[in-house]
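Novice: The opening position of the sequence shown corresponds to residue 36 in the numbering used here, with each subsequent residue numbered one higher.
In case anyone wonders, no lab produced these hints; they're calculated from the structure.
It should be emphasised that the depicted structure is a prediction, and the values quoted were computed from it without experimental measurement.
Here a beta-carbon is modelled for each residue, glycine too, at the ideal position from N, C-alpha and C.
Among these hints, one or two may not hold up.
What the hints assert, rightly or not - Below, computed lysine to any residue pairings styled on SDA-like, alpha-carbon distance capped at 25 Å:
| hint | residue 1 | residue 2 |
| --- | --- | --- |
| 1 | 218 | 109 |
| 2 | 229 | 203 |
| 3 | 169 | 194 |
| 4 | 111 | 125 |
| 5 | 111 | 248 |
| 6 | 240 | 148 |
| 7 | 169 | 117 |
| 8 | 218 | 236 |
| 9 | 204 | 131 |
| 10 | 227 | 204 |
| 11 | 125 | 223 |
| 12 | 111 | 143 |
| 13 | 240 | 259 |
| 14 | 229 | 99 |
| 15 | 132 | 231 |
| 16 | 240 | 153 |
| 17 | 125 | 221 |
Claimed, not checked - Quick list of simulated restraints, FRET-style, between CB atoms:
| hint | residue 1 | residue 2 | range |
| --- | --- | --- | --- |
| 18 | 54 | 96 | 22 to 28 Å |
| 19 | 55 | 143 | 24 to 30 Å |
| 20 | 61 | 243 | 38 to 44 Å |
| 21 | 142 | 95 | 34 to 40 Å |
| 22 | 228 | 258 | 27 to 33 Å |
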Amino acid sequence: NITAEHLLRNYHALLFSDIVIRENGNATGILPDYTAVVIDEAHNLEDSATNHFGMAVSRYDILITLNAIYRVSGHKETGALATLANFANKNPERFGKDRETFLEQVKTLIDDGLPILREEALGECDDICDILMKLDAKAKLGGQDLLPYRLTKEHRATAEWEDVCEHLKKLEATLTQGAALFKGIFETLEDKLKEGHDELPGLAKDLAVRVAQLETFASTISEIREKGEEQNGMVSWLDGGTSQKRSEKRF
């Protein structure tokens with residue numbers, strides 16, 4: 036019975052999980068009430084706190100999600116959208132008279148919507164990265180020589196930070212509009228999902244999960260951009276560097 040203990044040894048993760056539960060309105064958490072905390076391995080504390088309380092979106096996250104929706108690798112089409120189109124081609128009776136409409140919607144997305152979404156979203160990410168590299172030069176004022184670095188009030192006062200916020204706003208709008216591109220496909224699929232007992236519902240759900248991820252990215256960007264300014268206790272980190280393993284820019 037840990038409630039009877041005078042001294043408990045815990046992991047950082049357990050401590051922060053307890054804090055999250057209590058902050059969400061629960062009277063009790065994982066741990067019993069305590070009056071003092073001694074932190075060991077404190078140099079790992081910020082990483083653990085970020086994992087529990089933080090919000091993050093990266094260029095890599097967006098790229099992986101777009102690839103999971105649709106990607107051409109060599110001469111092979113992959114991704115949830117390609118799998119659904121392949122199913123429709125092999126099972127015409129499953130779609131009936133709506134099959135041609137569905138395949139035309141898929142073709143329009145593949146030929147027009149998705150290439151523009153990919154170009155604009157990743158382009159905004161690269162623009163943010165380039166601006167952050169300029170902002171990084173001013174970060175030296177805080178004695179921080181490497182990215183990622185803690186964003187201070189001084190950084191937020193720069194013209195570069197205003198540019199970052201503007202591009203974040205554009206990225207948020209791009210991802211929101213990108214998710215809306217799939218509305219027609221889901222409307223066409225709606226009645227089909229109520230029929231049959233095959234793999235179609237699972238394939239549609241896989242696409243829906245990927246599209247919902249785009250909306251989640253947009254929502255997170257909005258919180259980072261807007262609420263971060265309002266929460267005095269919020270610590271912000273910006274990473275505009277390049278990976279040591281690949282030259283791809285990231286933020």
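Novice: For the hint 22 to 28 Å, verify it against the beta carbon of residue 54 and that of residue 96.
Specialist: Hint holds: Cβ distance 26 Å, inside 22 to 28 Å.
Novice: Check the hint pairing residue 229 with residue 203 against an upper bound of 25 Å on the C-alpha distance.
Specialist: The given pair, whose Cα atoms are some 39 Å apart, is violated under the 25 Å limit.
Novice: Run the distance test for residue 169 versus residue 117: straight-line Cα separation, threshold 25 Å.
Specialist: 40 Å, violated
Novice: For a C-alpha distance cap of 25 Å, please report whether residue 240 and residue 259 respect it.
Specialist: 28 Å, violated
Novice: Regarding residue 55 and residue 143, is the given constraint of 24 to 30 Å on their beta-carbon distance met?
Specialist: 43 Å, violated
Novice: Below or equal to 25 Å on CA atoms is what counts here, so check residue 229 against residue 99.
Specialist: The hint is violated at about 30 Å.
Novice: Please verify whether residue 169 and residue 194 have alpha carbons no more than 25 Å apart.
Specialist: 10 Å, holds
Novice: Starting from residue 218, check that the Cα of residue 236 is at most 25 Å away, please.
Specialist: Judged against 25 Å, a Cα distance of about 16 Å means the pair holds.
Novice: Do the alpha carbons of residue 132 and residue 231 lie within 25 Å of each other, as the hint requires?
Specialist: Answer holds: residue 132 to residue 231 is near 16 Å, not above 25 Å.
Novice: Starting from residue 240, check that the Cα of residue 148 is at most 25 Å away, please.
Specialist: The hint holds at about 20 Å.
Novice: Between the alpha carbons of residue 240 and residue 153, is the straight-line distance 25 Å or under?
Specialist: 22 Å, holds
Novice: Verify the proposed pairing of residue 204 with residue 131, using a straight-line Cα cut of 25 Å.
Specialist: 42 Å, violated
Comparing the model with each earlier hint shows violations of hints 1, 2, 7, 9, 10, 13, 14, 19, 20 and 21; every other hint is respected.
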